[in-house]
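Number of protein chains: 2
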Amino acid sequence: MASQIKRLFIGRPMKSNAIEGEKLGKLKALAVLSSDALSSVAYGTEQILLVLMTIGISAIWYSIPISFAVLGLLLILILSYRQTIKAYPAGGGAYIVAKDNLGTATGLLAGGSLLVDYILTVAVSSSAGTDAIVSAFPSLHDDRVWIALTMIGFLTLMNLRGVTESASVLAIPVYLFVVVVFILIGAGVYRYLTGQMVSHITPGADGALSGISLFLLLKAFSSGCSALTGVEAVSNAVPHFREPASRNAIATLVMMGLLLGSMFLGISLLAYGYGIVPAEQSTVISQIAESVFGRGVLYYIIQGSTALILFLAANTAYSAFPLLAFMLAKDKFMPRAFMARGDRLGFSNGILFLGLLSAALIVSFGGNTVSLIPLYAVGVFIPFTLSQLGMMIRWIRLKPKGWFSKFVMNTIGMLTTLLITLIFIVTKFSQVWIVFIFLPVVIWIFYRINRHYANIADELRIQLDIDKPITSQGTIIVPVAGITRVVMNSISYARSLTDQVVAVYVGFNDEDIECMERKWAEWNPGVRLIVLRSSYRSVIRPLLKFIETVEWKTGNSGQITVLIPQFITKSWWHNLLHNQTSLLLRAHLFYQKDVVVATVPFHLKK
Amino acid sequence: MASQIKRLFIGRPMKSNAIEGEKLGKLKALAVLSSDALSSVAYGTEQILLVLMTIGISAIWYSIPISFAVLGLLLILILSYRQTIKAYPAGGGAYIVAKDNLGTATGLLAGGSLLVDYILTVAVSSSAGTDAIVSAFPSLHDDRVWIALTMIGFLTLMNLRGVTESASVLAIPVYLFVVVVFILIGAGVYRYLTGQMVSHITPGADGALSGISLFLLLKAFSSGCSALTGVEAVSNAVPHFREPASRNAIATLVMMGLLLGSMFLGISLLAYGYGIVPAEQSTVISQIAESVFGRGVLYYIIQGSTALILFLAANTAYSAFPLLAFMLAKDKFMPRAFMARGDRLGFSNGILFLGLLSAALIVSFGGNTVSLIPLYAVGVFIPFTLSQLGMMIRWIRLKPKGWFSKFVMNTIGMLTTLLITLIFIVTKFSQVWIVFIFLPVVIWIFYRINRHYANIADELRIQLDIDKPITSQGTIIVPVAGITRVVMNSISYARSLTDQVVAVYVGFNDEDIECMERKWAEWNPGVRLIVLRSSYRSVIRPLLKFIETVEWKTGNSGQITVLIPQFITKSWWHNLLHNQTSLLLRAHLFYQKDVVVATVPFHLKK
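Protein chains in written order, with full-length UniProt numbering: chain W, 1 to 606; chain Z, 1 to 606.
Just so you know, not all the hints are guaranteed correct.
Note that the list lumps identical chains together, so a pair holds whenever it fits in one copy or between two copies.
[As the list claims (entries may be wrong)] Mimicking DSS-like on lysine-lysine, the simulated pairs with C-alpha atoms at most 25 Å apart in a straight line are:
#1 Lys-570 with Lys-545
#2 Lys-26 with Lys-86
#3 Lys-605 with Lys-332
#4 Lys-86 with Lys-399
#5 Lys-519 with Lys-332
#6 Lys-86 with Lys-330
No lab work stands behind these hints, which were simulated from the structure alone. Bear in mind that the values here come from a model prediction, so they are computed numbers and not experimental data.
Using the sequences provided together with the hints, build the complete structure.
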């Protein structure tokens, strides 16, 4: 039953060698990997305006130079990551690059912040997508959490089905979003230039803004940098690309940069030109669309595709998180379970883990995870910086032809992202301080896991030429509660394996014990019966004591086996009718004694 | 840890032969067994008045003759049950008496309705007790559910500790209640006679009550009979009494009848004399106490002891339910688990089951289970009737000396309780119809359980002289994932038991398989390695298929054993770091194959 339901949702299991067909072409890759970056357009401008609004409406003018600064940063990042992809064709995520060049600890710092960040991506993106829907349909406001959770559930299922199929489904809305945003920008600019639109605010920069400080401008700039989250996705996913993987990845990265840059700039300019300020009930994009088209069909298409691409942005994390978890698991810093490929060749455990954690975030923040955007952005810029630093060290170390210009490029990238990280920390400390608690904890967990695996490997390692199996005579103990077919089966089985078989009976009163001894003698199964008396009505304690006695007698020479019969009932509720002593006994023996527990099934037919 | 917490709350385990010391003397028995009956005083009068109020305030007069009728019924019940206790010194609950004389089906009908009733007792009594508290402290109104649940939790713990200790704790409030009610009645009567109290309503019976019908009078009478719930408790619990059990039980029964009768009559008369009518915010007893003493210290003592005895009424069910469940389990109509005595010699499972179910009722009715009183009363009168009928048949069957007068006594009892049951059903059908659905279901479950146990007994029974253990050569299969100390241990163990050992390796790709085969040859442990190739990355499916092949080869001649190594980690979280394939494999093998699963523990030291 369970497996049929699983098949319905997940699909048929796929053979391991089917993995090559699952790889991504450029256009599909753009859809899968760029939705995170492109969707940032939906909130990037708004984040800048929110900070500037704290100064006053005339400060809005500053959004224009800030947007150009963000654009410049985007250019630097694209150029830097182009070099990373070339240098790491097997996948150049910040974890790999940092570990490779800066050592394991730095790699784990980058990897840890990325992992946390992917979870935030899913939560923030699905909340922002829900905001877009709620802007269009305010009556849905109370269902925010459910809308976000439904989308997370849907994405989790799609990703469990496998990456290509989900890419096919997801490509359409990504391109739809790109097209409608360009239509919006085109129509908006046309209306502005033809004077059909009058701005509500006086275009500023009149020098009257005495209250504005460098601090607030930097804060607004760093807020705008949240539009750049997701740029790193391509470099992490190089092995997902069809051959030639590096070239395809770089082409995808450049395409993404062009789209993101022009859309972000367009929206920022329109917002300024139309004099739009952030509002509680309606997002900036929603306001622009309403100003340009009114609340008509086009407005709803824009809101719908914005919502869709935000939900798909979450999908980027669904490609990136499991892959990074796999790499960390391969290096023994995360549980081995993250290395297993599921029926459809995706890393199912990573996908499920990501889905559950982000859903938990949505629930605990009541769908208001948009407040996590600063945290999310700082979590991205830490690995950005480390990755650039790693590349710098790499150029110095390897010194390939023309390395110096590449070194300079990465140095510029590193310094810029470091600067932004610092700006984030200084200007938004109250929102990002938790990173300084959380990241050390994550890294500590990585090391604990690693040490555990290393210890186990030590314990389990044997020398093939020296360590060989040794046989020894063991004892089989058969606890019996009466003389039944189950007992007969167990004794038959035990006697087939060894002659040293002991049956043990635990009696609660003299009558029972006497009766049992008499019947046993009559039956005479060729096995000695040991009778234990329990004054406390417990079967387990006397049995454990008896096993201790046998252990003491046999010393270390022979392995003790305890044979436990287990009823396999025909229907689940029948289990309620049998004292589950055997389960309890097994658990006790497991954790307290070094004995083999052999469970002899007795399949009840009725 | 868990066992230390258990010990703190429950106490040291007790030896089985300590049970004699746990038995009840008369005064303690009166405390434990009569609280249900005595506490009915808290709501019996109110139930009558509630019905009469639907006619009009002048109908209140009828509460006096109705109270006397209830008193007469009490007398009949006491006399009848006196005979039952004498005839069934080993415990004459309705289940036993009905089963013994009227056949199993009728016994189960009585037993089933009593079981359900005990659960209702706990729920109704703790709700009514909460009402008494809330009457005194109206600000606690919103905490009703928590107050009731706390009391149920407390009672469950006390009963898990054992019956004598709880009797000692419980005797004080029962006697306190009796004393304060008599003080209340005495003071009330004195004030009434000295004319310090003026009734608010005109004492009626002026013939002007044209609206009053026989139907409503009967309804009011049957409502008053709810004051008699709990009378049967003594007869169920005869084996709990100290020797001479029957005589002690009868003495207790009579004492209880006297107390109950005089208290009930006193409250009814006072309520009439003081012209009290039921109110939403304050119980009848609370109003009487307020009229007599004002809201002083005595008022709060009365409310407090009313609340206490109501909570203790629930305790009656804690003695009766587990004992009845034990009897039903002994006759194989309920799961065997209800037969086990816990550390403190109580039937722990019955106590816990009762606590959980009544807590669930409290939660689902939001603490308003007082509305269940009619259901609760009809559930008591069904077994009352059946028990009397059983006694009648018994007298006819056995015909001891002087049987006829006893027969007449029980006939009167039977007819009266039957009549009341019918009145209940006719006048309160809308509140009690669910009984006609619920009881058949409970009885059907009893029979299903019984049939299951009978089937199993058939399947398990062997003939001692014919069926003997037979030995046969079996095969041990050792799944291996590599060459480690764990594998070496498992193979050593398997080889100690038999020569037919096969190691099985499931590989996912050619490299792994080749590497494994090479290393195995190098190690050469004296056991053949079978390699299976899995294209679907599943270990379990190829293994199940392989076992099928072995089964097919060996036929029915030898038992197959699968050896599964299991890491026992030092700390719980380490378990997260190991793929729990062995658990999954064990579950699959259990339910799908007839193989012995032997778990070889490997205790990790680090």
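Legend entry - Hint numbers not upheld by this structure, sorted from lowest to highest: none
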